Amino acid sequence: MARIPSSALWLGLAGLIPFLYGAVVAGGLVAPPADAFAARPVLTAHGAVILGFLGGALWGFACAGGRRPGPRELSLAVLPALWGFAAMFHPRPLLSLALGLVLTLAVDMMAVLRGTAPGWWLSLRLPLTAVAVACLLAGALA
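In short: position in the sequence shown from 1, add 523, done, that's this note's numbering.
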């Protein structure tokens, strides 16, 4: 398995900041600043954005190197963004987003096995997804 590029690692870790903020504030571990966004809307918005980002990554993997992806690959790349959008209207958006991240991780695993995603992708995605899902669940249960 290839080494995670340092820029991907640091930017991926930075992408956890809104998740961590939302979980800590939702759990009442710290009081938010008076003008801070409420924790659950932050978690919901960021979860939806991240699902859209992950779908874009899948689309990029499918089309990389001049490949001509089939409808299945492109559909699987679009679904995370649609899931994130729909989750914002779900009665339990944080649980829906957590499930969406896990399902998208399964698609990422298939992309790595097919050789369309880089070998380091899962080494990055697994821990980031674990933290993001834990934060979404913490926010949902708070």
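It should be emphasised that the hints constitute simulated quantities derived from the structure, not laboratory data.
All values derive from a computational prediction rather than experimental measurement.
Errors might be hidden in some of the hints.
Said to hold, decoys possible - Computed spacing ranges between beta-carbons, pair by pair: (1) Gly551 with Leu636: 39 to 45 angstroms; (2) Ala587 with Ala554: 28 to 34 angstroms; (3) His613 with Gly535: 23 to 29 angstroms; (4) Arg590 with Trp533: 36 to 42 angstroms; (5) Val601 with Val553: 18 to 24 angstroms; (6) Arg590 with Ala657: 31 to 37 angstroms; (7) Ser530 with Ala629: 24 to 30 angstroms.
Every residue, glycine too, gets a C-beta built ideally from N, C-alpha and C.
Tested hints:
| no. | hint | result |
| --- | --- | --- |
| 1 | Gly551 with Leu636: 39 to 45 angstroms | holds (41 angstroms) |
| 2 | Ala587 with Ala554: 28 to 34 angstroms | violated (46 angstroms) |
| 3 | His613 with Gly535: 23 to 29 angstroms | holds (26 angstroms) |
| 4 | Arg590 with Trp533: 36 to 42 angstroms | violated (28 angstroms) |
| 5 | Val601 with Val553: 18 to 24 angstroms | violated (37 angstroms) |
| 6 | Arg590 with Ala657: 31 to 37 angstroms | holds (34 angstroms) |
| 7 | Ser530 with Ala629: 24 to 30 angstroms | holds (26 angstroms) |
Going down the numbered hints, you'll see the structure goes against 2, 4, 5, while the others check out.
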